[in-house]
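Trainee: Taking the hints into account, I'd like the entire structure generated from these sequences.
Order-wise, the sequence lines are chains A and B. Counting from 123, one number per residue, gives the positions in the first sequence under our numbering. Counting from 123, one number per residue, gives the positions in the second sequence under our numbering.
Heads up, none of these hints are tricks.
Given that identical chains are not distinguished, each listed pair holds provided it fits within a single copy or across any two copies.
Computed cross-link-like contacts, DSS-like style, restricted to lysine-lysine with a CA-CA straight-line distance of at most 25 Å:
| hint | residue 1 | residue 2 |
| --- | --- | --- |
| 1 | K237 | K124 |
| 2 | K257 | K375 |
| 3 | K164 | K124 |
| 4 | K374 | K257 |
| 5 | K164 | K149 |
| 6 | K141 | K394 |
| 7 | K394 | K367 |
| 8 | K374 | K392 |
| 9 | K149 | K257 |
Treat the hints as calculated values from the structure; they're not laboratory data. The structure displayed is predicted, hence computed values, not measured ones.
Number of protein chains: 2
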Amino acid sequence: MKIVVDAFGGDNAPLEIIKGAILAQQKFNIDICLTGSESIIKKVAKENNLDISNFSIVDTPDVIPVDQTPNDIMKEYSNSSMALGLKMVANDEADGFISAGNSGALCVGGTLMVKRLKGVKRPGFAPLLPTMNGKMFMIIDGGANLDARPEILRQFGVLGSLYMENVMKISSPRVALANVGTESHKGGDLQREAYALLKDSPINFIGNVESREISEGACDVYVCDGFTGNLILKNYEGVAKSVSKAVVNIFKKNIITKIGALFVYKDLIKFKESMNADIYGGAPILGIKKPVFKAHGSSNANAIFHAIRIMIDYINANVPQKIEESFNKIKEQQNG
Amino acid sequence: MKIVVDAFGGDNAPLEIIKGAILAQQKFNIDICLTGSESIIKKVAKENNLDISNFSIVDTPDVIPVDQTPNDIMKEYSNSSMALGLKMVANDEADGFISAGNSGALCVGGTLMVKRLKGVKRPGFAPLLPTMNGKMFMIIDGGANLDARPEILRQFGVLGSLYMENVMKISSPRVALANVGTESHKGGDLQREAYALLKDSPINFIGNVESREISEGACDVYVCDGFTGNLILKNYEGVAKSVSKAVVNIFKKNIITKIGALFVYKDLIKFKESMNADIYGGAPILGIKKPVFKAHGSSNANAIFHAIRIMIDYINANVPQKIEESFNKIKEQQNG
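Mentor: This is the structure:
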């Protein structure tokens with residue numbers, strides 16, 4: 123098995139990416155290929171005493187400026203670490219690709235280069251978020267496309283369900299439609315029609331779920347259009363981070379509160395870790411022919427390690443084939 | 123000044139509503155009229171030794187079942203505590219109306235009965251949420267309508283700005299457009315066109331703001347369509363509540379952690395109170411001719427007290443007139 127990792131994507135590239143790749147290589151004994159400037163990768167590895175002799179490196183001279191639009195990135199930076207990584211996967215030179223770079227570019231590039239599976243109208247960007255009970259759930263679409271149609275939302279539900287079942291090992295994942303109320307008539311035409319389609323799909327559709335319920339683990343897959351999904355995703359991360367920070371600040375106030383912190387320190391750290399999305403391995407782009415993951419922009423070595431760990435499960439589970447089979451079955455039902 | 127309060131709206135009606143109204147009446151010396159079943163109001167007051175002799179009561183026999191749609195409520199329950207309260211305001215028999223009942227029904231009823239101000243295309247439901255720095259910001263639209271057009275989003279920005287300036291006393295409120303990125307080209311057509319219109323409006327438009335920034339106080343008014351706004355609003359409340367609860371549970375774990383809690387107890391309570399939306403007085407329906415507030419469904423006496431307190435400011439500030447003036451000015455600009 124060979125996994126390509128974008129050494130030049132994200133805030134902590136390339137050092138943390140290289141470190142994470144080394145951890146995973148040691149643990150799982152797979153082939154890892156890094157894309158990025160070979161000279162910089164080697165220089166950083168040397169400066170930090172990191173042994174990268176087991177990796178192959180694909181030298182990619184282009185560096186993507188931050189202010190580019192996703193379409194421009196894929197058009198104008200076809201020799202970037204992201205584009206060449208995607209190309210390797212598309213050409214079957216590798217089994218999967220992980221990048222902590224620009225999400226939009228990865229979605230556009232993943233769709234155009236790795237290509238959609240037969241029957242998939244639109245791939246979905248599918249980040250995972252931690253709930254309060256130590257589990258996680260998926261938002262699909264987290265922003266690959268901004269709008270959606272009912273059939274696309276139905277497909278997101280099926281894609282998410284297959285991923286959560288086969289990769290995250292959740293049996294009969296609870297798929298919910300993001301909506302302003304729980305009753306089936308709630309929402310606009312998009313939601314009402316998507317509700318009817320999801321209800322008729324071979325998944326465990328539990329109906330509409332309001333966004334106040336998701337942090338308590340009300341569903342495993344939360345289906346919505348990409349604009350809404352992107353705003354919920356970022357709001358979820360923002361509020362969780364803000365509240366956690368505010369609570370930690372309470373302990374830093376004075377010597378009395380600092381003493382109090384000693385009594386709960388271990389449990390607070392444990393809670394903070396359970397809220398850490400790093401261990402869930404990043405967000406798959408679902409509906410394309412090969413596994414492609416977006417790792418969080420702030421990924422450290424641990425996050426990259428877990429992204430590689432989960433990608434191995436993803437590759438072994440052969441999810442793309444299961445998606446094609448499921449979509450064929452739905453199509454047969456529709457025609458029959 | 124006379125304010126009508128729906129004694130039969132919300133989870134804690136009528137007892138907490140009556141208590142809150144008594145607190146406000148004592149403090150501000152205004153006329154308060156309660157709508158609801160007169161016999162039950164009197165019975166509950168007597169059982170709890172509450173003096174309601176200063177209130178007028180409008181007896182409303184209809185009780186709204188929970189599973190009704192907003193349109194049905196206003197059509198079929200025209201003698202409900204909500205409908206009669208709105209009618210009094212619409213007929214200039216009172217200066218403002220507060221209800222903790224069904225949001226959708228209040229938005230529909232407020233629009234149909236109290237009627238839109240001249241030039242307002244759609245009223246916006248405008249809940250306020252606390253930020254981590256002890257301030258608050260407004261989401262508009264929080265769900266009065268599910269979709270929007272660019273001109274409607276522009277109007278939401280102006281409505282929100284006028285309310286925050288005149289009622290919440292924030293000088294030059296920072297109005298932001300909810301979007302998936304900060305650059306002006308981000309989002310769909312709706313966002314790009316709304317961006318251009320908001321930029322040309324007589325408000326302090328600070329551009330696109332991502333939803334991960336709002337909990338840290340990135341803006342005073344967060345403009346979006348009602349579907350997105352409703353999901354952000356409930357997600358914000360849900361995550362903040364979940365994380366706070368999870369942290370409190372850490373302290374309850376065992377005798378050691380309970381001792382730790384003693385050291386930070388005061389500060390934790392203070393933080394919890396700063397996150398309590400009760401003191402911000404509920405959500406105005408902006409763009410209609412008279413002040414109408416939706417108090418939170420879980421409102422207690424304190425929340426109702428503050429809703430009445432803020433409504434007094436709202437009435438005194440004469441916001442509806444300021445809205446009409448501002449909308450006239452924008453129209454003149456457009457024509458000139």
